[in-house]
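Let's have the full structure, built from the sequences with the hints guiding it.
Spelled out from the first residue to the last, the chains are:
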Amino acid sequence: MRTTFERRIGFASALLVALVHSGIAYAQNVTPAPAIDIPPCNDYRITNDEDLTAKQRACIWGGNLLTPGAVFGAGFSSAYGLLTKEEPAWGQGAAGYARLYGARYAQGVTKATGEYLTAWAFKEDPRRKPTNCIAWNRTVCAARSLFAQPKDGGGYRPVFSTVAGAAAGGFIGMSFYPNTGTVTESLSRTGTSLATSLLSVELTEFQPDILHLVGRLFAPKSTAKEAFATAKEKP
Amino acid sequence: MKLLLCTTAAVCFLTGCYPVKQYQSNLVGLVPPGPKVNHTVPLGFVEFDDNGQIFSRAQLDNTVAEIGKLRQDCADPYVIVFIHGWKNNADNNSNNVAGFEQFLRDFYTDVTENDGGKSSCAVPVMGVYIGWRGARIKVAANFSYWNGSAAAVRAGGLDLEEALFRIMCTARPTQTEKTNLVLIGHSFGGRALERVMTPYLETQILDELRSANYRGGAMRFPLPTLTVLLNEAAPATDAKQFLDFLKHHNVTYRAGERSVPLFLSITSDGDWANHIFLPIGQAAARMQLKTRVYCTGNAEADRKSGCSGDPADPGVITNQSTYFTHSTASIPALYNHYFVKGGADLPECQQHDTEIVKWKAAKDNYVFCETAGAWNQTPYWVSSMPISIVPDHSDIFRPELSQTLISFIRQPREGQPVIQAH
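These protein sequences, in sequence, are chains F and R.
For the first sequence, position 173 (counting from the first letter as 1) is numbered 173 according to this note's numbering, and the numbering increases by one without interruption.
For the second sequence, position 74 (counting from the first letter as 1) is numbered 74 according to this note's numbering, and the numbering increases by one without interruption.
Hint data in this document are derived by calculation from the structure and do not stem from the laboratory.
These numbers were taken from a predicted model, which means no experiment stands behind them.
All C-beta atoms in this analysis are idealised placements derived from N, C-alpha and C, irrespective of residue type, glycine included.
Be aware that a few hints might be false.
[To be verified] Short derived list, chain F residues pointing at chain R, Cβ under 8 angstroms:
(1) Ala33
(2) Ile36
(3) Asp37
(4) Glu50
(5) Gly62
(6) Val214
(7) Thr223
(8) Thr230
[Stated by the list, open to error] Selected chain R positions facing chain F (Cβ under 10 angstroms, derived; list incomplete):
(9) Gln24
(10) Leu278
(11) Pro314
(12) Val316
Structure representation (structure tokens):
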């Protein structure tokens with residue numbers, strides 16, 4: 001037999017459950033449509049946002065640390081270093097290759113970090129965009145993008161991050177290369193790094209055109225009008 | 001078996017496989033205002049799993065209900081449906097979600113700025129994003145070509161067919177309806193879209209043709225205003241059969257006296273995935289099936305080749321493998337339109353060709369022309385596209401392409417386009 005108190009408790013519980021349920025139902029009815037917010041480090045936003053936030057700059061830097069270019073570039077360069085016996089003290093074979101690979105990769109990381117910090121300090125845009133130039137002038141415009149970028153009000157402003165990153169990557173070698181850790185070799189590495197950056201922007205600029213030419217090798221050759229001439233029933 | 005499972009799990013763990021899950025809520029969302037847009041635009045998601053099965057019917061129901069509301073509230077609204085491509089999904093991290101949002105903002109701006117306040121509602125535009133498992137692995141994603149291709153075929157299954165049919169029935173139940181419904185499929189998403197839309201259209205057209213009441217004129221089934229296949233990554237075998245069907249039944253698609261595209265298949269000249277990767281990938285896939293040599297009509301040559309069946313049409317493509325190893329917009333013989341880029345000058349079509357639409361995108365002027373005397377004279381328009389509009393396979397949502405698509409979707413025409421067979 002339930003007491004009055006128990007009945008009251010039961011009634012209060014039922015009322016509470018009903019209130020909570022109706023509250024949930026009401027909340028569901030008036031739930032506002034969710035905004036589809038794109039995270040700041042989404043690639044599309046990084047490419048297209050007019051101004052970059054500090055987080056987006058950090059994402060670009062993080063992304064540059066682990067690119068196929070960084071991983072395989074260090075791999076090829078270390079293999080070449082091993083073949084030319086660049087660092088005899090590190091020995092040959094797997095151990096020598098591993099140390100060279102680590103050094104080359106550290107150079108790449110330092111270069112990316114140098115570029116990131118310099119661009120951040122001087123408020124440069126770290127993104128390399130296709131140029132608006134035409135014909136072969138594009139070669140010059142792409143190269144120029146490494147050292148100057150357009151200003152909002154027209155004209156150009158200097159870009160320091162390219163040289164700073166290359167120099168950082170080149171000179172960091174002085175701290176770990178036993179044989180090639182000299183100033184001359186560091187300058188040489190800086191030059192090689194700049195040349196790599198130049199090659200990279202030129203390839204980026206002309207990539208669609210190069211791929212278009214390669215793609216044409218795979219395409220069937222007959223044109224629409226030639227096809228019309230061989231139509232089964234001419235319309 | 002355990003070893004295989006462990007290896008797969010280890011590879012997934014190390015490389016990062018994308019999970020099979022529903023990314024968006026069941027409610028229709030809102031595209032937030034952008035730098036030059038001060039209004040939100042509704043965006044519904046309909047998501048499918050790796051087997052092409054819909055994740056949540058509530059997502060579809062809510063999206064269809066929102067389209068119905070838009071049609072009631074607005075005089076001639078626009079519903080833009082986008083099926084994303086390879087290496088994308090419905091996650092907010094996906095480039096296609098971000099890009100489609102921007103496209104909707106651009107579209108909304110164009111409609112509100114150029115309609116002179118004619119629209120009867122604040123936002124006469126709505127987007128629908130169709131998600132499927134196009135993104136599979138996070139590292140070395142290019143190696144997911146064959147898996148992605150097969151997933152696109154599965155995505156183009158019964159559930160997507162139902163979703164698109166319900167969207168069509170709600171947005172544009174008759175072809176004289178004023179709502180503008182545009183379906184856009186990119187990359188493998190184009191393949192899924194084509195696999196759903198071409199059998200649907202064939203069935204509906206044949207059904208109308210066999211009807212005793214059909215005496216020519218507009219057909220009555222629900223139909224999108226325009227279907228765009230953008231950098232479509234699919235062998236041309238399906239499209240070739242559909243082109244033959246359209247040609248055989250003399251199907252036209254017209255708004256007043258003007259021909260308009262039922263399908264618009266455009267691929268960038270810089271689309272490496274379609275021009276280089278697809279022929280290589282399909283050549284490998286070709287080991288699983290046999291293609292045939294078409295007859296030429298030359299008795300001696302045909303006897304030697306051992307061909308059978310109808311002669312090749314067009315006669316310049318004599319082996320079926322050409323269709324199997326290339327996408328539709330990579331076969332110039334199937335083209336019936338072309339772009340002309342004019343820089344700062346106004347470009348012109350070649351002599352005898354017809355100008356379809358002119359527009360300005362970024363700094364350049366463009367014109368889209370119809371080739372007189374092309375083999376393909378059907379409403380399935382095929383063309384390559386300049387690098388200046390889309391530079392490669394994936395980078396599609398750029399101002400240049402937005403302006404190009406907007407020009408096609410919003411080009412002035414006399415009345416709504418209707419499909420007819422003669």
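Right, here's what the structure says about each hint:
1. Ala33: holds (5 angstroms)
2. Ile36: F/Ile36 check passes; min Cβ-Cβ to chain R is 4 angstroms, inside 8 angstroms.
3. Asp37: Hint holds; F/Asp37 Cβ to chain R Cβ min 6 angstroms, cut 8 angstroms.
4. Glu50: Holds, about 6 angstroms.
5. Gly62: violated (14 angstroms)
6. Val214: holds (6 angstroms)
7. Thr223: Interface hint status for F/Thr223: holds (5 angstroms vs cutoff 8 angstroms).
8. Thr230: Where the cut-off is 8 angstroms and the nearest Cβ of chain R is about 3 angstroms from F/Thr230, the hint holds.
9. Gln24: Holds: closest Cβ of chain F sits about 8 angstroms from R/Gln24, inside 10 angstroms.
10. Leu278: This interface hint holds because 9 angstroms falls under the 10 angstroms limit.
11. Pro314: Hint holds; R/Pro314 Cβ to chain F Cβ min 4 angstroms, cut 10 angstroms.
12. Val316: This interface hint holds because 4 angstroms falls under the 10 angstroms limit.
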